[in-house]
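Enquirer: Single-letter residue listing:
Protein chains: 2
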Amino acid sequence: MVVSNLKIGLFGFGCVGRGLYHVLNNNTGFKASIESIVVKDPSKSRNLAQELISYDRRNILDRDDITVVVELIDDADEAFEIVSEAMRKGKHVVTANKKMLAEHLSELIELQQSYNVSLLYEAAACGSIPIIRTLEEYFDNEDLKRVSGIFNGTTNYVLSRVNGNYSYSNALQQAQELGFAESDPTNDVEGFDPKFKAVILTLHAFGKIVRPEDILNLGITTLQEEDSRYAAEKGYKIKLMPVIERVGHNRFTVFIAPRFVDTGNQLYNVDHEYNGVIVEGLFSGEQFLQGRGAGSLPTGSAVLSDISALSCGYRYVFKKYLQCKDLEYTDDVLVEIYLRYNIDTDISHFQWNKVEEKYQSSRYGYTIGSINLSQLIHHRQYILEHKIFVCMISDNLSQNTNQINI
Amino acid sequence: MVVSNLKIGLFGFGCVGRGLYHVLNNNTGFKASIESIVVKDPSKSRNLAQELISYDRRNILDRDDITVVVELIDDADEAFEIVSEAMRKGKHVVTANKKMLAEHLSELIELQQSYNVSLLYEAAACGSIPIIRTLEEYFDNEDLKRVSGIFNGTTNYVLSRVNGNYSYSNALQQAQELGFAESDPTNDVEGFDPKFKAVILTLHAFGKIVRPEDILNLGITTLQEEDSRYAAEKGYKIKLMPVIERVGHNRFTVFIAPRFVDTGNQLYNVDHEYNGVIVEGLFSGEQFLQGRGAGSLPTGSAVLSDISALSCGYRYVFKKYLQCKDLEYTDDVLVEIYLRYNIDTDISHFQWNKVEEKYQSSRYGYTIGSINLSQLIHHRQYILEHKIFVCMISDNLSQNTNQINI
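Residue numbers (the working numbering), protein chains in the order written: chain A, 1 to 406; chain B, 407 to 812.
These are computed hints drawn from the structure, not numbers from a lab. Check the hints yourself; a few may be wrong.
Derived pair list, reagent style DMTMM-like, types lysine to aspartate or glutamate, alpha-carbon separation capped at 20 Å [unchecked claim]:
1) B:K760 <-> B:D732
2) B:K437 <-> A:E336
3) B:K731 <-> B:D549
4) B:K437 <-> A:D326
5) A:K208 <-> A:E182
6) B:K614 <-> B:D737
7) B:K446 <-> B:D480
8) A:K145 <-> A:E336
9) A:K31 <-> B:D737
10) A:K31 <-> B:D732
Based on the provided sequences and hints, a complete structural model is requested.
Expert: See below:
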């Protein structure tokens with residue numbers, strides 16, 4: 001399958017869409033033509049030839065000469081409609097919509113096989129870092145122990161400010177003013193965005209599809225000055241760190257939570273909007289990849305790289321997924337955490353496997369110890385409502401041996 | 407081209423060969439069988455079934471059922487004979503021999519095209535970092551500004567010791583005792599090994615083949631305590647840093663030389679046997695990749711990754727090379743350097759473009775300023791013989807505007 005005569009239909013002309021347009025027009029290597037751009041809001045002014053723009057998705061989906069659909073809109077449901085229809089019509093698709101992907105991975109793989117088309121989505125995870133391609137092709141034959149990192153530029157930007165002694169709310173406000181955070185930042189700061197990315201990377205790293213709703217995502221919205229002071233005193237930075245990790249012989253876990261990292265950790269110096277990914281292979285050891293996690297041109301160039309790969313007939317083969325290894329998702333695993341609570345909060349229903357440290361003042365307290373991940377999933381809403389801050393303190397995971405009643 | 411029934415003939419059973427053997431036998435994902443191993447020295451004892459071993463290359467090259475040759479021997483000339491014969495016989499080849507590759511790139515590309523076989527060599531550059539694959543596939547359509555990094559684990563190990571206040575000769579001795587440096591370390595410490603790797607990466611990053619003999623390689627053999635003290639006082643570490651960089655509109659340069667790096671540089675924390683590569687794209691910005699640059703299993707796993715890719719029909723397409731862009735190698739470029747000399751050395755024939763600092767004591771002196779790269783190439787032998795230490799002090803390169811007589 002080599003796609004010649006590459007005619008592109010583009011959905012969405014936001015930050016990434018504009019980046020792609022710029023990169024495609026200013027690149028000397030690869031050429032492809034955008035035939036039509038479908039956008040939503042007719043009232044927005046766009047620096048584009050009028051005949052390129054339309055407001056009806058049929059103008060792309062019904063055109064037989066358009067062989068590649070690039071989907072860069074926000075709405076995940078609408079994106080799935082567009083992408084799946086495009087694939088059923090025999091069009092190849094490039095998308096950056098992590099939520100849509102995370103929620104529909106099995107259907108999308110099936111569509112790819114049934115309609116013999118290619119679906120690529122490098123720009124959906126970690127901006128310009130070629131992590132999906134690297135997992136899919138380079139580590140396709142190696143058993144991985146762990147994939148972790150910083151997958152979200154917005155929270156990392158906010159945390160870089162917090163680590164520089166701003167309060168969370170000031171840091172968030174600054175990030176919003178500078179365009180690094182959206183006006184409704186929930187998706188990022190509560191850790192949904194990195195969770196969707198983790199679901200996608202789990203497929204390529206371990207060959208398994210996990211439902212987003214089964215995975216814990218704790219964000220940084222409950223971060224208080226006590227927490228950043230604690231981190232600073234210990235020489236830590238706080239990072240929002242998704243972890244995908246093999247546990248024991250045939251289980252693996254995935255969670256998104258803040259993490260104290262020290263200078264010995266590769267991620268310590270990954271600041272601002274940068275993303276970083278650590279891949280630990282059984283034989284290759286630790287690989288580290290860093291790059292811009294966001295931004296119009298870096299993400300646009302990731303999309304272009306997919307389009308270029310399409311033109312060479314590239315598609316993901318999902319080797320580990322198709323091998324159907326005996327590997328099961330679990331949340332029954334012990335993690336080592338710092339849990340800070342305000343003094344009026346009852347935390348007695350958190351059942352600890354082991355408590356290492358306890359601290360309490362007239363205003364707040366914290367407990368350090370190991371707890372079952374499922375406890376955190378179970379109490380997530382309580383954690384958010386009571387402004388409890390939970391932060392991982394180590395990479396140690398262990399299979400739970402004691403029975404804990406929740 | 408999908409290679410089914412993957413039967414491998416392996417040349418060499420040293421560090422990487424043993425690593426491959428281990429990884430192949432302990433990996434759950436990908437299976438291929440090593441049918442025959444040709445080695446040189448019958449007197450060495452090897453932990454292998456006797457029937458696997460032979461001492462005659464014909465036992466692999468003449469067997470039609472062996473479809474893949476993995477070449478992991480030291481000798482570059484012999485390696486080229488083996489690899490080119492294997493390709494002419496329609497066998498696919500995986501090699502880690504950077505010297506052989508750097509010296510024969512055009513012939514090998516031609517053999518690949520003429521005989522419709524694939525030649526892969528990820529393990530030839532930067533161990534387990536998938537840098538060739540990343541350049542070849544992910545950045546194939548993007549104009550790059552610069553590729554730099556730490557490409558040699560041995561010198562980086564030695565320099566990590568030097569930066570920790572050992573003298574160069576003590577550090578080298580330690581590295582040799584621990585097996586990180588060979589008994590004749592010339593290839594590494596004089597910068598030939600990273601130069602061969604730079605030649606290979608230049609092909610994939612810029613699409614151009616440069617002859618190794620046209621490229622400056624200054625190593626670390628002339629490093630004295632004055633130099634490491636200078637670095638420590640300024641908060642620098644010394645790294646051996648190959649640079650491949652676009653200069654002006656249609657020229658590029660390549661050189662291998664020590665470099666003072668500060669904490670702001672990604673490479674500052676790449677210590678010991680680790681390698682790191684920084685790829686700067688026109689649109690994607692700065693990407694950083696780090697991993698083990700040496701070692702039996704990491705390099706073995708890189709070889710296996712190539713074998714696995716072969717089985718899926720993968721081959722390098724050398725897109726930038728075949729595009730034949732108007733881009734020319736030059737050594738006519740100004741670099742900013744620190745040049746330390748011993749007091750009895752005449753350095754008056756080094757012609758500086760600009761001198762920023764001069765220091766002299768009763769034992770040694772140094773000059774900091776900008777000089778034409780071609781001057782350093784011209785005086786390389788003199789630099790080595792007189793134990794002059796040359797170290798780059800910045801990333802700034804500029805096209806030379808003044809005429810300098812050499």
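Enquirer: Any hints from earlier that this structure breaks? Give me their numbers in increasing order, please.
Expert: Going through the list in order, the structure violates hints 1, 2, 5, 9 and respects the others.
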